[in-house]
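Participant: From first to last, the protein sequence lines stand for chains Z and V. So that you can map any letter, position 65 of the first sequence is 65 in the working numbering, and since no number is skipped, the others follow by simple counting. So that you can map any letter, position 190 of the second sequence is 1190 in the working numbering, and since no number is skipped, the others follow by simple counting.
Just so you know, these hints were derived from the structure itself, not from any lab. Take every hint as true, because none was put in to throw you off.
Here are the simulated DSSO-like cross-link-like pairs (lysine-lysine), alpha carbons at most 30 Å apart as the crow flies:
#	chain 1	residue 1	chain 2	residue 2
1	Z	K157	Z	K469
2	Z	K194	V	K1088
3	V	K1073	Z	K194
4	Z	K35	Z	K525
5	Z	K502	Z	K219
6	Z	K396	Z	K359
7	Z	K359	Z	K329
8	Z	K501	Z	K525
9	Z	K448	V	K1061
10	Z	K295	Z	K450
11	Z	K202	Z	K524
12	V	K1088	Z	K185
13	Z	K363	Z	K295
14	Z	K502	Z	K274
15	Z	K35	Z	K502
16	V	K1088	Z	K202
17	V	K1073	Z	K185
18	Z	K123	Z	K99
So you can see what is in the structure, the chains are spelled out below.
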Amino acid sequence: MRQKAEISRRAVLGASAGAGSLVLLAKHGRAAAEKPQYGGSLKVAYNIAPGALDPHVGRSGGDAYYWRQMFDQFVDADRSLKPAPSSSLAESWDLSDPKAMVFKLRKGVLFHDGTPFNAEAVKFNIERVLDPATKATPRAAFLSIDSVTVVDEYSVKFNLKRPWGSGLSMLADRGGAMNSPAAVKALGVDYAFKPSGTGPYKLAEMVSGSYVRLVRNDKYWRRDPDGNPLPYLDEIIIRVVQDPTVQVAGLRSGETDLVYLPYRDVGTFLEDPKYNVSVFQGGNIGYLMAFNTAKPPMDNVNLRLAVAHAVNPEAINKAAFFNRAIIAKGGMWPTGAWAYDPTVTRPSYSPAKARDYLKAGGKPNGFEMDAVTWASDTLSPSAEIVKAQLGAVGIKLNLKVFETSVATDRFYSTGEAPVFLTAWSRYPEPDWIAALNYSSTGYYNASKVKDARMDALIEDGAANVEIDKRRAIYRRVDEIVLGEGWITPLIYGVTYAAAPKKVQGLDSVFGWDAKFNLHAMWLKKS
Amino acid sequence: MRRYVLRRLAQLVPSLFLITFMVFALMHALPGDPARALVAGGEALDETQLAVVRHELNLDKPMPVQYALWLGKALSLDLGRSIITQRKVADELSLRALVTLELGVLGWLLSAAIALPAGVLAGSFRGGRIDAVTTVFAVSAVALPGFWVGIMLILVFGVWLGWLPTQGFVAFNLDPLDNLRHMVLPAIALGTGSAALLMRQTRSALLEVLAQDYIRTARAKGLARRAVVLGHGWPNALLPVVTVMGLEIGRMFAGAVVVETLFGIPGMGRMIVQAVFQHDFPIVQGCVLVMASAVLLVNFFTDLTYAWLDPRIRYDG
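Build out the structure end to end from the sequences listed, making use of the hints.
Facilitator: And the structure:
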């Protein structure tokens, strides 16, 4: 699993201050707020090639790096996971009726094909997500919507089957990206790579497997806090560069202006006065162990806890993450997410406890089992450490390394292995994670075991709109998941992005999901 | 000769059938659910949607039926659409095949340009200094993995010296010079391993020929060493060399997978690997069709070259 995420909600207020990114100043420091300059071409390198550029039809978490620059969210979210009306297509909303959401729309917004954004367009887009034929991945999260009513040209009402607790969060991702109905209808299947959104950049060219070139949308509606029109750049080129070493080489040679830093290079770039580095704490779940609770020997809760207690995340952070990540203290909604709760009781490193659980599980001398994983800079060394540490308490782990999609399939779909050593994207909306991973019908629930307690909690969390109630519900979810060893997150990743000094707006480079949001970037002319 | 050519061309058709069918069958034998392989990076489809996907992709039909459906369309030149990007396979291929072709030909020419003179020199001066140097080069080039050579080239020529771009691609018709600048390092990374093999082949073929009696006769009648090697030895050493050069075209496709990935070049090699992982079988089938045709045609032309190179070989039988 690579990156994934989703966000926030109105009630997030007050929660999780201090999350998000900060720009670390290199030796020269940074000049006080400068007036942005217009023009220039920003060259970005990213390792995953885009699938479809239509946000509803694309089905890989990596697509967001491309489509997000061309689209606005119906309800946007800021980095601290709060809804951000100023960058949303919905100007305001009324959630007083638990069975309805009423939105007032921004006026004067045009799609890239010149057609207007209005209530009909919202209705078309939401119905498109709900239509199984679209095969839109957020559909499951949108099923709380019964129907959409156009109130007038600039107001729209979602009629709900039940309260939709994660609604605003969900509208900040794929499903809440607004496509031009005219373009979708006219282009049919071809719309997948000829998207028409309302965002600050328009697609100019897509050379499959090589790069995507975006150009400035001169008719973009948003302005910066000083009233200057956005965006600043003339052009963005996102190149597909798979190897992180080559990405960093491109940054050094000046061919690339912006990359994610591999952990091993973070120290060098922090020291280098020619570059700025932006940081997102908890940018992903850097390393985790997922257990198939129906597959022997991991169907035995004591043996799962033995494994969970036997692994020392400190060692993994040191060896695989160069001590630049964070030890996971909570569950799958990491640092900065409103549901994040570091006080939940969860297994921590203790070989003595691991041996106790082995005894309790009826295997005092240990046992042998398979684990699937996939290869990456961080995962490969981490897997070796897990293997060694489990070996120290008598558990022999046979690592099976596959390509990412194959490993994912072998664990979640064919159920061939009891353990999956993997990473997960930042997904701060707990309903999304819980419904996918813990629900008995969840797509990423390897065991498919029906746990009535869990299904009830998930149902309750999804249908609840009050943040404090939801927080309590998801704490209970974490207690089961962590306490009974369904999943053991070990490392929360820290995401680092580096750019030469001429690149400005780096403090805005991460969206709520730690993916690139380039709407407000600009280039300083030397 | 004409009969031979026609017969060989006709043989290509069943070969292509067989290859595409085998690959189709292999793709369907891959473990895992192709419908689920559509989603990645934490995304998900629900059961209703998965059912739609299976129906649309004909996954609910038996494999031979699926192949027949694919073949029927392919024969009318419709290769379908990528199930990931939704783009037409033919559109994807037309661009990518040319890129891989350019990279392959450049790598191949480069390897020949290095290997043939070096092999001849090494063969003519067996045991000498040139032989030693080229042998060391050949052994290293064969031993070093292509991706490592590629990364070193990037560091030296891109980062330290700053002479050449290290990533990305510019289409030849947009800017031929810039296109070549982008292709130099990948072509070297691709061609080096092949050059080493070809050089060793050239050297040993030449050595074998130079040990023949007629060479000794030529030398004995007073011909200069150079004239003997180039005029009498070289033409006769060419047959095995041409065979290897033909085979190396296939190797270029394999090497392109790594080199294209490393340098971010949108070629077919990279596309087919990604497509296999994503179970994007329309793309896999399209790539296989193009690659298999290319390799079969190259073998065909290699065979014809034999007759041209060696007048004793005739295909009229």
